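J.: Listed here are the chains, written in short residue letters.
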Amino acid sequence: MLVELRKMFGRRRTWLAFGLLNLLPTIVAGLLAWTGIAPRPGQGPAFLSAVSANGSLFAIAALAIVLPLFLPVAVAVAAGDTVAGEAQAGTLRYLLVRPVGRTRLLVRKLVAVSVFVVVAVLSVALVGFVVGRLLLGNAPVSQAMVSVSGSVLSPGQIAWRTAMAIGFVTVSMLSVVAMGMCLSTMTDAPQSASLGTLAFLIGSSLLLTLDAARPLQPYLPTRYWLSFVDFYRDPILWSNIERGVGLQAVYVLVLLGAAWANFSTKDITS
Amino acid sequence: MIRTEGLTKRFRAVTAVDGVALDVAEGDIYGFLGANGSGKTTTIRCVLGLVLATSGSIELLGQPMPRSGAQVLHRVGTLVEGPAAYGHLSGTANLRLHDASGRLPPGANGGGRRDRGRRVREVLDLVGLGAVGRRPVSAYSLGMRQRLGLAAALLRQPELLVLDEPTNGLDPQGIREVRELLRQLHHDGTTIFLSSHLLAEVDQLCTKVGLLDRGRLVLQEDLAALRAPTGRTVVETSDVEQALGALDGTVEHRDGERLLVRAADPAELNRYLVQAGVRVRTLGAERRTLEDVIAEHTSARDPNEVPR
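Sequences listed follow chains A and B, in order.
Just so we're aligned, residue 1 is where the first sequence starts under our numbering, counting upward by one.
Just so we're aligned, residue 1001 is where the second sequence starts under our numbering, counting upward by one.
In case anyone wonders, no lab produced these hints; they're calculated from the structure.
Quantities reported herein were computed from a predicted structural model and do not represent experimental measurements.
Misleading hints may appear alongside valid ones.
[What the hints assert, rightly or not] The calculated label-pair distances, taken between Cβ atoms and stated as ranges, are:
| no. | chain 1 | residue 1 | chain 2 | residue 2 | range |
| --- | --- | --- | --- | --- | --- |
| 1 | B | Gln1063 | A | Ala261 | 19 to 29 angstroms |
| 2 | A | Leu216 | B | Gly1062 | 54 to 64 angstroms |
| 3 | B | Leu1142 | A | Val229 | 50 to 60 angstroms |
| 4 | A | Leu126 | B | Gln1063 | 42 to 52 angstroms |
| 5 | A | Thr265 | B | Gly1082 | 22 to 32 angstroms |
| 6 | B | Asn1036 | A | Glu242 | 55 to 65 angstroms |
| 7 | A | Ser239 | B | Gly1082 | 48 to 58 angstroms |
[Claimed, not checked] Heads up, incomplete: computed chain A residues facing chain B, CB under 8 angstroms, no partners named:
| no. | residue |
| --- | --- |
| 8 | Val3 |
| 9 | Lys7 |
| 10 | Ala89 |
| 11 | Thr91 |
| 12 | Arg93 |
| 13 | Leu95 |
| 14 | Leu96 |
| 15 | Val97 |
| 16 | Arg98 |
| 17 | Val100 |
| 18 | Gly101 |
| 19 | Thr265 |
| 20 | Ile268 |
We put the beta carbon where it would ideally sit given N, CA and C, even for glycine.
Here chain A stands alone, though its shape is the one from the complex (with noise of 0.2 angstroms):
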């Protein structure tokens, strides 16, 4: 198990993604700052218009403005790199005669990319706060909150909120590494399993714009991404955060079971 660990870890690939992911909350820190043009609340990315007054909450800013593209993008590219990753370098093969079982194996990487997604989460809201408190306004981390619907919330309110998201975020990402992981079973070419991944995503944003397809909009993996923002509602609106982790569970039974099935009949040719 450690392996796979070290492995991922060991790769400059991975570090990249982190600070990638990192970089684009502080550019718009950065720009809020020296420009002091705030977006007017309810337009931009969820929260950007609080952060002005309460640098702290740039922590769950800079998961909003990750969450639409950049982490799936992340997530996506380690979840392809798995099986696939392995099987372009000729390395499956001698994993397998080690021998590791193949759903071991599958274990193995899932573990590996989950621990992927908790680290960049977890970084992205570390980063936004530790920036948001230098770059924006400095007010004392016990100054209180105006939630979503108006009425105030504590700092321990905000916190224990936060962790909440944090976790619905992670739990977001469980489709698109099984969805990865799905279709790197599929192939030998991690580039082909990561793009595929994102063209699912995609074509699901693309699909819940459409008022035509409303019907199948509670169906789609991404329809309840940004509910978390609910968490910050008073009181917290659970339905659709309920509704998105219901969701995702079942996408990641159904694509791992697919990936399973796939992988442990599979021959290995590469």
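Following the hints, complete the assembly by docking chain B onto the known chain A.
T.: Frame of chain A, contents of chain B only:
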């Protein structure tokens, strides 16, 4: 060590391996011969459980494959269709990673974490990469990669080595070193199964050969038996006419001053010829070369046939 019955693998319309019955016994150095695309690699992949056979049974170290892979594969060292390593890591780091992946059943010898560093150093020395240092594998030459692949195969002191074209990409010096290494390992009790299309390599090293032609095993025999005297003697003489007269009817073939004589005992024939006053230049029992044997058993490729 390896035994297959009626091993068949079809990829859609193409039958890559067709009813192969391999028999590799303990202590053999088995040379697996065949032209490119004759099915050698697919057979090896089937034996190792990488490719799932369409039909037939496979036994590896006495256990059915691929079902018992987890119990037996750790006792087998492999080099399948070229070496592979993570290019950004050094040879040592690659071997350490390779050794760390894959759980061993309890009681397995050679494979723990404690002596990993020592074993990695040992195999690197063994294949001549001891002094290569921290260079990443992406900067290795083809020959060095091949050596690293061999080192990975030897890491757990396997009972059986399955090597697919182990000397691919090596220079003559390297080929000789690998041959010596394999001889030494065989001497120390390792059974070796190696595939090759280099006849010289097999000729010099192996005790038994199997020949694959278009997915079928057309020959499987001890090399000594294949090269046994044929019961004919080759005579070269400058007194050809005189010799023909003296031998009278036992000459089967004449090629200039070279005669092929049906006579089991060359020494007896020599005495007879000399007594008859024939000046003999060379004389010896006829032996078939591996190349002759293979040409005999392999049908020539049709001019329109695409080599697979």
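J.: Against this structure, judge whether each hint is valid.
T.: Okay, the hints, checked on the actual structure:
{"no.": "1", "hint": "B:Gln1063 / A:Ala261: 19 to 29 angstroms", "in the structure": "holds, 25 angstroms"}
{"no.": "2", "hint": "A:Leu216 / B:Gly1062: 54 to 64 angstroms", "in the structure": "holds, 56 angstroms"}
{"no.": "3", "hint": "B:Leu1142 / A:Val229: 50 to 60 angstroms", "in the structure": "holds, 56 angstroms"}
{"no.": "4", "hint": "A:Leu126 / B:Gln1063: 42 to 52 angstroms", "in the structure": "holds, 51 angstroms"}
{"no.": "5", "hint": "A:Thr265 / B:Gly1082: 22 to 32 angstroms", "in the structure": "holds, 25 angstroms"}
{"no.": "6", "hint": "B:Asn1036 / A:Glu242: 55 to 65 angstroms", "in the structure": "holds, 59 angstroms"}
{"no.": "7", "hint": "A:Ser239 / B:Gly1082: 48 to 58 angstroms", "in the structure": "holds, 55 angstroms"}
{"no.": "8", "hint": "Val3", "in the structure": "holds, 5 angstroms"}
{"no.": "9", "hint": "Lys7", "in the structure": "holds, 7 angstroms"}
{"no.": "10", "hint": "Ala89", "in the structure": "holds, 6 angstroms"}
{"no.": "11", "hint": "Thr91", "in the structure": "holds, 5 angstroms"}
{"no.": "12", "hint": "Arg93", "in the structure": "holds, 5 angstroms"}
{"no.": "13", "hint": "Leu95", "in the structure": "holds, 6 angstroms"}
{"no.": "14", "hint": "Leu96", "in the structure": "holds, 6 angstroms"}
{"no.": "15", "hint": "Val97", "in the structure": "holds, 5 angstroms"}
{"no.": "16", "hint": "Arg98", "in the structure": "holds, 3 angstroms"}
{"no.": "17", "hint": "Val100", "in the structure": "holds, 5 angstroms"}
{"no.": "18", "hint": "Gly101", "in the structure": "holds, 6 angstroms"}
{"no.": "19", "hint": "Thr265", "in the structure": "holds, 7 angstroms"}
{"no.": "20", "hint": "Ile268", "in the structure": "holds, 4 angstroms"}
This entry satisfies every hint, going by the numbered hints stated previously.
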